[in-house]
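K.L.:
Protein chains in written order, with full-length UniProt numbering: chain A, 1 to 562; chain B, 1 to 562.
Hint data in this document are derived by calculation from the structure and do not stem from the laboratory.
Some hints here could point you the wrong way.
Identical chains share a label here; the pair holds if one copy fits it or two copies do between them.
Stated by the list, open to error - Calculated cross-link-like contacts (lysine-lysine; reagent style DSS-like; alpha-carbon spacing at most 30 Å):
id : residue 1 : residue 2
1  : LYS253    : LYS528
2  : LYS421    : LYS502
3  : LYS558    : LYS85
4  : LYS84     : LYS452
5  : LYS321    : LYS28
6  : LYS524    : LYS276
7  : LYS41     : LYS70
8  : LYS164    : LYS85
9  : LYS261    : LYS528
10 : LYS70     : LYS27
11 : LYS328    : LYS27
12 : LYS122    : LYS67
13 : LYS556    : LYS85
14 : LYS276    : LYS328
15 : LYS164    : LYS67
Number of protein chains: 2
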Amino acid sequence: MSTNTIESINNEILLLQNKIKELKISKKDASLEVNSMKLLKEQLKVLTKQNQDSISSNNNNNNFTLKTPKGTIDHKPEAALLRKKIFSTLESIFLKHDASTIDTPVFELKEILAGKYGEDSKLIYDLSDQGGELCSLRYDLTVPFARYVAMNGITSMKRYHIGKVYRRDQPVMTKGRMREFYQCDIDIAGTCDPMVYDSEILKILCEALTALDIGQYTVKLNHRKILDGIFQLAGVPADKTRSISSAVDKLDKLPWADVKKEMTVEKGLDEKVADKIGQYVGLKGQGYEILEKLKSDPELMGIPLAKQGIDDMEILFRYLKVYKVLDKMSFDMSLARGLDYYTGIIYEAIHESSAPPSRSVNPPVPANSSGSSSSKPPKSSKNAVINEDGIDESTVGVGSIAAGGRYDNLVGMFAESAGKKMNEQVPCVGVSVGVERVYSIMESRRKASQEKIRGKETEVFVLGLGGVELEKRMEVATLLWDNGIKTSFSPKVNPKAPAQWKQADDDSIPYVLILAPKEYAEGKVRIKAQLGKDQAGAEDNKGEEVPLESVVAYLKEKLGRS
Amino acid sequence: MSTNTIESINNEILLLQNKIKELKISKKDASLEVNSMKLLKEQLKVLTKQNQDSISSNNNNNNFTLKTPKGTIDHKPEAALLRKKIFSTLESIFLKHDASTIDTPVFELKEILAGKYGEDSKLIYDLSDQGGELCSLRYDLTVPFARYVAMNGITSMKRYHIGKVYRRDQPVMTKGRMREFYQCDIDIAGTCDPMVYDSEILKILCEALTALDIGQYTVKLNHRKILDGIFQLAGVPADKTRSISSAVDKLDKLPWADVKKEMTVEKGLDEKVADKIGQYVGLKGQGYEILEKLKSDPELMGIPLAKQGIDDMEILFRYLKVYKVLDKMSFDMSLARGLDYYTGIIYEAIHESSAPPSRSVNPPVPANSSGSSSSKPPKSSKNAVINEDGIDESTVGVGSIAAGGRYDNLVGMFAESAGKKMNEQVPCVGVSVGVERVYSIMESRRKASQEKIRGKETEVFVLGLGGVELEKRMEVATLLWDNGIKTSFSPKVNPKAPAQWKQADDDSIPYVLILAPKEYAEGKVRIKAQLGKDQAGAEDNKGEEVPLESVVAYLKEKLGRS
């Protein structure tokens, strides 16, 4: 069968030209051949033009690179399968907890996303203005959920959502920080008695991280009202609350000295105020232990906001104990979280690989910089992985693997902006699992264990020895497919045996069903289990003879199916 | 617990103002309350600014509408679950046929998509130029696959891909034609003996459409070489091939008279040439029947291209007979398909709902137009559904539900554009299942059958009668969750019984586990199966008393699990 690249069309044209020449020499009619050649020349013209269109519409005037856009990747079969496993593990836990799923479009009206992400708004991808509505790619799954709830007048819902989100950030591909990445969110909208939904979300989070089998993890907890109360006690001016919050949040990466400097020098906070904050934000440990410290502090307990938060935490720890997850928690006064919309409890799950590999607690530095004045850059290691932005990825930690909190205002804000009268506020609490980071942890563990990963699930290979027609292999395959058995065979009419064995081996297919002319004429086939070379009996393994009518039952039994 | 919309913050401020007044009157210290009020006023300022930011960044100066962008929808739980069912049905069939899955980014570099879709290129969504690479949202899953194959130097692969694609088309939402929609593709890349992979793709397509249980369907088949051969025989000038092709393709919607008129009047074809085409493109019917007609036509068989195509079809029908799907096929000379990149067999699956509901074969007309001069518009029906573009959606058919063909050039074209030397051509053949159209068919069937659809899978509701603390319900729920049982309970500390029964009923939860103080103290619970009101024994149904330690085993048995 002829194929049709520009090259092979040229070849066909050459052949036709020769044929035409011959015919004309023998004075025979060559009009059909001439027409065929005209048609091929026209196809050539079209293909060449398409080629040129492709080339001329890109920057390099000649070739362009075959690649995915910066910060995005293809998921090859083994990777796609591992992600699917992560998703089904999470999904079964969400379903256990009474949740339903929704899906929302990958882009929203620009005004829906505007103003929701503070400084991070500059990381939003916009769609081009092509004459219709202005849209942007979704930045997370939380704002779409709040829009969905407000739009549908929902007052109560447990929803999970697994989908891709988009951020024009600096990517760190080897640590799972990409521009297009999956998030797995579960959120509960609706009123409840204090901390009931909050505790269930934390229970779900712990069940999920345990089921994913990624090793040790900790969930850092804090409460925005306690933080706001501390700021009030210390005397932080109300208009500096958010900027001081974001300074406090850096305590997981920077030492207190640096953070205090940022507060006082950069953000103009009084030193005494900063010191007072410093008395509290270093506190972290077991839930009840820290709770006692806070409760026995009359100054702090005298601030109404702080007391509310502390009371909430006491209720929360009681429920977390019933849920048997209190031991995973770290009550951490330095956790502040960037987003403005949190109003109550906040949390972040970290893994042993979350922190950067080097001992320093510095943020990632470009490999060729001299580092900031107040901190030493990590030693450039032999294992440096310099990416296209000049960052040494080996100095970067995976970061947190899940995060969330309570956000009571968001749905109401949407309803108000849309002029919708909502009788009740719809408070929400939820958590987002960073799938790509979990994936990169699981992938390292897999590589270390040298587990063999298949990208497909094929169970039986139908092999034909000389003389058994292709149609017979198709017939047998059809019988197996009709009975739900995953089957393949060589796409050649008359394939040689070695090539067929190779196909079965390359794909690690566990069973080979052999059709040999003599046996097949007698209504029999041979089925051989593919054993690894080092397994017992591999050398003597000749398979079993099975009558054709019992093949399905035989294979189902071997495959562990009824 | 206080909630924080602008309204409730204002309320809190009012309360504090009163308190401060009282304290000052009694000459007490009000500084803490004054500070709390300042903090709340600052929160108010931030929220109001956020609100205004949201509002001012949209067109209407006051409110904006809460909606998804034109042509996109949210998938509510029941819809999301039905789509998931469709995906797993398709996926299990693809896996049976030796395929692996990949995932690609939702946007590609602009130059990758440029020049691949002919006239449809104007329907591509672009991302805004934000200073980096220029990108566009993927238009289908085929071009990304070809890019993936070329990029990774793959010569042989069976891949399936379920994902969303994006087209700035005129939407017809009630018939599943949207701007963002799922496709389920399976393609086989690599050389094979003639028609082996082509026949397997058709086998997979039929297995899929049968498994989806959508009712009667037909697969229309044709071959580009036969069409090109017919054009050559008729004398179509080489440069008019594609435009005449696209006229022929309209024969499923327009009568021959209109198509001939388009060919001669609009596209300048000689009338004799058009008539010759007309002799062939009306042919359609059973595979072998049409094949015989063509084979017994010496003129056509004398055109090399046409003979190649006819030979291919003969081999194909032989394999389709072995695969037991030949009866689903219609060999249809009028099928031409729009896309330039098909090089061999082409096919389209249609359903009884594919054609417009009215008897005419006209394309959808705006409800207020007077119709084209050569054909009458369908009668405007009482059931007219006028969409925002003025189209009456009730006059539109669902269209084809799956389509595809062989495309041997595409991978090679990518490789060449990228300057990659590829030793072999990588021929491909595949099919794309129009999930949204299948979904809209299944949804109509569901509505007709009035089947009750749940959006969640919760199995047990833990109900507490007066005096049994929330923590006890949490404990029992934890026991059930630890054993994989999907469980929920009321989020109130002291819920009334009627509200709890309502929650169990609203969510159609099949089992209720009742904790009553006396029984619970004796280590027993009561488990009640929720029967429908009309089911036998509903009135006497008081449930069974079960010891706490046997609860898991009891429920697993009832739920049909080991």
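K.L.:
If a hint holds in the structure, say so; if it doesn't, say that too.
P.N.:
Tested hints:
Taking CA atoms no more than 30 Å apart as the test, LYS253 paired with LYS528 passes in neither setting, with 57 Å inside one copy and 53 Å between copies. With identical chains, the CA atoms of LYS421 and LYS502 are at most 30 Å apart between copies only, with a shortest distance of 26 Å across copies and 68 Å within one. Taking identical chains as interchangeable, the C-alpha atoms of LYS558 and LYS85 lie at most 30 Å apart whether they share a chain (24 Å) or sit on different chains (28 Å). In the homo-oligomer, the alpha carbons of LYS84 and LYS452 lie at most 30 Å apart both inside one protomer (17 Å) and across protomers (29 Å), since each shortest distance falls under that limit.
In this assembly of identical chains, LYS321 and LYS28 lie within 30 Å of each other by CA distance neither inside one copy nor across copies; the values are 96 Å within and 41 Å between. Taking the shortest Cα distances, LYS524 and LYS276 never come within 30 Å of each other, neither inside one copy (86 Å) nor across copies (54 Å). With identical chains, the CA atoms of LYS41 and LYS70 are never at most 30 Å apart, being 39 Å at best within one copy and 43 Å at best between copies. In this homomeric assembly, LYS164 and LYS85 come within 30 Å of each other (Cα to Cα) both inside a single copy, at 16 Å, and across copies, at 20 Å.
For the homomeric pair LYS261 and LYS528, neither the shortest alpha-carbon distance inside one copy (72 Å) nor that between copies (63 Å) is at most 30 Å. Neither within a single protomer nor between protomers do LYS70 and LYS27 lie at most 30 Å apart by alpha-carbon distance, with minima of 62 Å and 65 Å respectively. Taking the shortest alpha-carbon separations for LYS328 and LYS27, neither the intra-copy value of 92 Å nor the inter-copy value of 48 Å comes in at or below 30 Å. Proximity of LYS122 to LYS67 under the C-alpha cut-off of 30 Å is found in both arrangements, the shortest distances being 25 Å within a copy and 23 Å between copies.
In this assembly of identical chains, LYS556 and LYS85 lie within 30 Å of each other by CA distance both inside one copy and across copies; the values are 24 Å within and 24 Å between. Taking the shortest alpha-carbon separations for LYS276 and LYS328, only the intra-copy value of 29 Å comes in at or below 30 Å, while the best inter-copy value is 79 Å. In this assembly of identical chains, the alpha carbons of LYS164 and LYS67 lie at most 30 Å apart whether taken from the same copy (20 Å) or from different copies (20 Å).
Hint compliance for this structure: hints 1, 5, 6, 7, 9, 10 and 11 are broken, all remaining hints hold.
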